[in-house]
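Asker: Single-letter residue listing:
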Amino acid sequence: MSEHEIAATVDGATETATVEARRLLVHALRENWGYTQPTVGCESGKCGACTVEMDGEVVKSCCVLAVQADGSEITTVGGIEGAPDGLAEVGGDDVAAADDDGFGPVQRSFHEEHGLQCGYCTPGMILRSRDLLAANPDPSREEIREGLKGNVCRCTGYENVVDAVEAAARKLEPIETDGGAPEDAVDAADGGAD
Amino acid sequence: MFPPQFDYERPDSLDAALDALADEDAVPLAGGHDLVPMLKARERTPGTVVDLGGLAALRGVERVVADGTERLSIGALTTDAALLDADPAGVDALLDATSEVGDAQIRNRGTVGGNLAAAHPASDIPAATLAAGATLHLVGPDGDRTVPAGEFATGDHETVCTDDELVTRVSVPLDPDAGGAYARKTHPSTGYAAVGVAARLRVVDGAVADPRVAAVGLLDVPTRLPAVEGALVGVDAGSPVDAVAGAAERATEGIDGAVREDHVVSAGQRCAVLPEYTERAVSAALARAVGREGVVA
Amino acid sequence: MSGEESVIEAEGAVPTTADEGAAAGGESVGDSPLRREDARALRGETTYTDDFGQEAAALAFVRSPHAHAEVAGIDTEAAEAIDGVVAVYTWGDLAESDAPMRLPVRTGPLDCEVPGHPVLAADRVRYDGQPVAAVVAKDRYVAADGVEAVEVEYDPLPVETDPEAAASEDAPTLFEDAPDNVAAVGELGDREATDRAFAAAEEVVSVELENNRLIPSALEPRAALAEHDRTEGFTVTMTSQSPHGHRRKLSHTLGVPERQIRVISPDVGGGFGHKGHHHPGEAMAAWAARELGESVKWTATRSANYREGAHGRDHRTTAELALDADGRFRGLRVDTHAGIGGYALGGGGAMPGWYGRLLASQYEIPAIYCRSRCVFTTTAPVHSYRGAGRPEAIYVTERLVDVAAEELGADPVELRRRNFLDPDGFPHETAVGATYDSGNYEPTLESAVDAVSGLPRGGERDDDGRLRGVGIASYVESTGGGFESGVVRVHPDGGVTVSAGTHDHGQGHGTIYAQIVADEHPVAPEEIEVVEGDTDKIPTGTGTFGSRSTVVGGNAVAESAQEVFGKAREIAAHELDADPGAVETTDSGFRVADGAGEGSDAGDQRVSFAEVADRAYGRGLPEGLSPGLEATTFYELDNTAYTFGTHAVAVAVDPETGEYEVERYVAVDDCGVRVNPRIVEGQVHGGVAQGLGQARSERATYGADGALAASTMLDYALPRASDLPDIETRAQETPSPDNELGVKGIGEGGTVAAPPALVNAVVDAVPGVDHLDMPVTAERVRTAIED
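Residue numbers (this note's numbering), protein chains in the order written: chain S, 1 to 194; chain F, 1001 to 1297; chain U, 2001 to 2787.
Misleading hints may appear alongside valid ones.
To be verified - Quick look at which bits of chain U chain S covers, simulated, 3 or more residues with Cβ under 8 Å:
| id | segment |
| --- | --- |
| 1 | 2484 to 2496 |
| 2 | 2669 to 2683 |
| 3 | 2708 to 2718 |
Derived by calculation from the structure, the hints in this document are not laboratory data. By construction, the Cβ of each residue, glycine as well, lies at the ideal position given by its N, Cα and C atoms.
One chain only, chain S, in its complex shape:
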């Protein structure tokens, strides 16, 4: 029943706590540090309401021990900005400047397409949708549905969620890079997360 000092960067802020080994990351975020954006829906790893980004990858924080997150960088939906990784909004800064809600294009698309009702799944759904688009900027509806299968929504029937991700894709374009060769794929796997 060991206790552990942990520190993590959450939405840009340094947070520390002493936690029991058994404490789940989602409870450290919600109760120790007050980040209530990730919610708890199923507790079995199915629903994805507790999704956060951990060191750049979306994870289900109800299946991660808080102590495992020691030293990591965590982003909740409260900490995201702008477009997903590797993408830029078509029209660039003008669009962002005109958007007084401060939403990124994915959030704005959920708003415009009525892609949320009760909002409980929304933080996880937004984070996973951004992640999906970063990996596949032009997904088909089938790819979106398959890609969101780790995020359960009981309100929308997913119809407008899929519409929202499609709409977000239309708002986004890959950032032009200066032609560097892609890393050797096999070597790249070395950098995988824990």
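Got chain S sorted already, so can you dock chains F and U onto it with the hints?
Answerer: Okay, now just chains F and U, sitting in the frame of chain S:
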């Protein structure tokens, strides 16, 4: 839904990890998607959870040549997502199966070794490693040993890996001529496979050769489908449709053991859909193999 | 915005709503302004119950692993010894207090006297998961440790989870006063007239069916944070669809006056009925908070939430339809056993007795008789779940119509059309006592049929070898029952606070009520704040369920707005020195209408609404007007409003595996005037998704031992994004003549229409099969084909 008390250690070397696991109440933690839910349900009550996250040496994918054959060596702690990102050639079925694991979030945490070591009967990856004739590398206090994929799991969440051993890597024989694929019927509630079938075969002189077909979700352990394999040998790769379907129809022949069932999917339904998913896996594997026929390594 | 003038003539398929509204940027009734609720959720700034009280003590329940047992003994010693455990309570502790601590049961409609569900089991448990003891600890982890350490000795008793079997002679009895386990028998319609209709009928068809037991599965589990102060009484922050309803129920359970209880329902993560019922958690948290003098929070785990219910549906029905030689429906006879679980929860015990009120669906059926037996089973309580009787009734009728079409060799579309009620015959009273306010069924049918016309059907095999089927279901839905409060309060600066006794948990009330108030009145939506969910801030109300909020809440708010702005107009007229009849509204105030004032510049004589508001609370009011600018309306319809429509489904079935794909889903709904078409569409999507969940995969299965097999989200087949098809929506607007706004509810239509539409489609695809029970799993389809 809150884990019981336990101690936590995060060793930074394999030796330290083995030391920690020598404690009989210790369990290893990799991606956590099998263990953590069981802790939350208090179905497991370990004294110590040994987090393997610090063992960087157990991550990564590389090609190795051993005994004159080329193999892909996958570190046990390589996440499913990292394996998919690496996209190595020659392990089609493994990549197909890995892409079916859980969902994106789970694949970011879940590891290839953890998936195998957990020995969930409906997990996808074990079908692919069995079809590929992969070998698991284990290390324990008494040294290293290797176990063929087909001899690793002994039951539902049971394996030959003892409590003080760890799976360090899985090595998959590479055959540039071979084609592989995985097809599954997703279980409507669990999200695991109701049945999943991995196939791997070659085309030699226009005919199917060396087929290996394995299923998960069917029995408590991954199982080869011997009748399918037998029927596939020599099938004309040029017009295989009826022959593959005919072979797939025999999927349940020679299966040894009780077919799994639960309140959502019966044993009968698993057997009934097995031919369909066998046919899909074999057809896709064959299409890939045909594309590679004659390619020299 | 209201009344006959706004009738949009139904002309077959009205365009889909997807691109309407917001594109035009309007914010009036009928536009689709973007939801004001979204911003907080998109940033994660919503505050659900569990987000509050992070320092509160945690409450957790020891739950029975047996479905039916005597509680022989409880040993709490080991749990109490755990560091951090504050207290462990059993029924003995509750019984010593002056609080009844039994959840109230509405016994009026029951045929037996049964005790209410005890918050902790008194001496016997009647379902798997029933709370037996309560542990309060410093946090939820320690509370879970405490739960594990409590030792309970049970003497197991026989179980029966099936309602039909539970009503048989050899079933175990749950309550002495209901020896056959039948809590109530509900009868609707005229039995003798129906028997005569059957005796005279040319054709009689029948079907036996199960309406499968479901778990509502809102993504947020139920939770309650209770505080007690000797002066203020109780404050319970909880997941409630009905704050005033919960206050009333807590008052009964705790034995304290309602005025001593404040219920706050903050953001709530989905309801679907199960957050309208009263469960042990909130009562136990409140009791313990008073006992301990500290805040106590209970948050259900998912499995606890699944095991304690309330579940929905669980009907077993035999139904017969009598037809004449022309295929006209002459009689409908229905006999149902409905499981109500191990306890009658509130009015849930008798609810199935009324479900037959919608059995006439859209048809002229002169004689109907329905008998429903409400049966205790050793399962979690059953109560209203999205639809609450409506899906059960329509499923019976719409399946029967398809069975009749098959047996008579008739086209199911034509058979429906032939029996539709005459659009000029409304209001129409059915043989089971429902009075439909308005309807025009044929255009919605035509629109749905048109969407699937030309698609292969009837078991036709396509090139891919799959069997094609098309199914339709027509429905009516009763919406807007009960009273509701609506307050419009104008502040001296002209800002407006609107409040209502309804509760938003995804339906967009803030957006809708602001549209209603801003429509025709000189105030911009952004000047309107909408408040719900606090019994201290809102006059007594009823809550959000049964597709009622826009109907009764919306009209309550609209009526208050009429009163407030009528008074404002009088004040404005006084200011403008004009006759009130000569004053018209502008976007932000009032002016003298052109040609009504003195001189040609009458239209330039203006007063802003803010100035009027200021006058309302100051000096210079016209004679006879008292100060103040606010109104409260308690609104109730004499008769509910009847939404209707037709849904069409096309499926492709793999005959080898029984797996099938929904290739097309089209929902055509008419909920009268749509205040916000985009929100209406979202409600249809969600309802259809839950309806397809019921039809295709969901089932709250109990094992032979009486334990809930579907006790986690991994065991209950809740649809994922990858499990559902695209859902196309079309709308028609036939205003309700009975309310000013002309609206009808839409929250439940999808759960009503989707199940029969889907089953009809699969049955159409599979030759020689006349019925398949839900969930229509691949296995059921495959074995039906094989047989």
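Asker: Against each hint, give a clear statement of whether it holds in the structure.
Answerer: Hints versus structure:
Under a criterion of three residues with beta carbons nearer than 8 Å to beta carbons of chain S, the stated coverage of the segment 2484 to 2496 of chain U fails, only 0 such residues being counted. Coverage of a stretch by a chain is defined here by at least three residues with a beta carbon nearer than 8 Å to that chain's beta carbons; for the segment 2669 to 2683 of chain U and chain S the count is 4, and the condition holds. Restraint check on the segment 2708 to 2718 of chain U versus chain S: 4 residues with Cβ-Cβ distances below 8 Å, three needed, restraint holds.
Of the hints listed earlier, the one the structure fails to meet is number 1.
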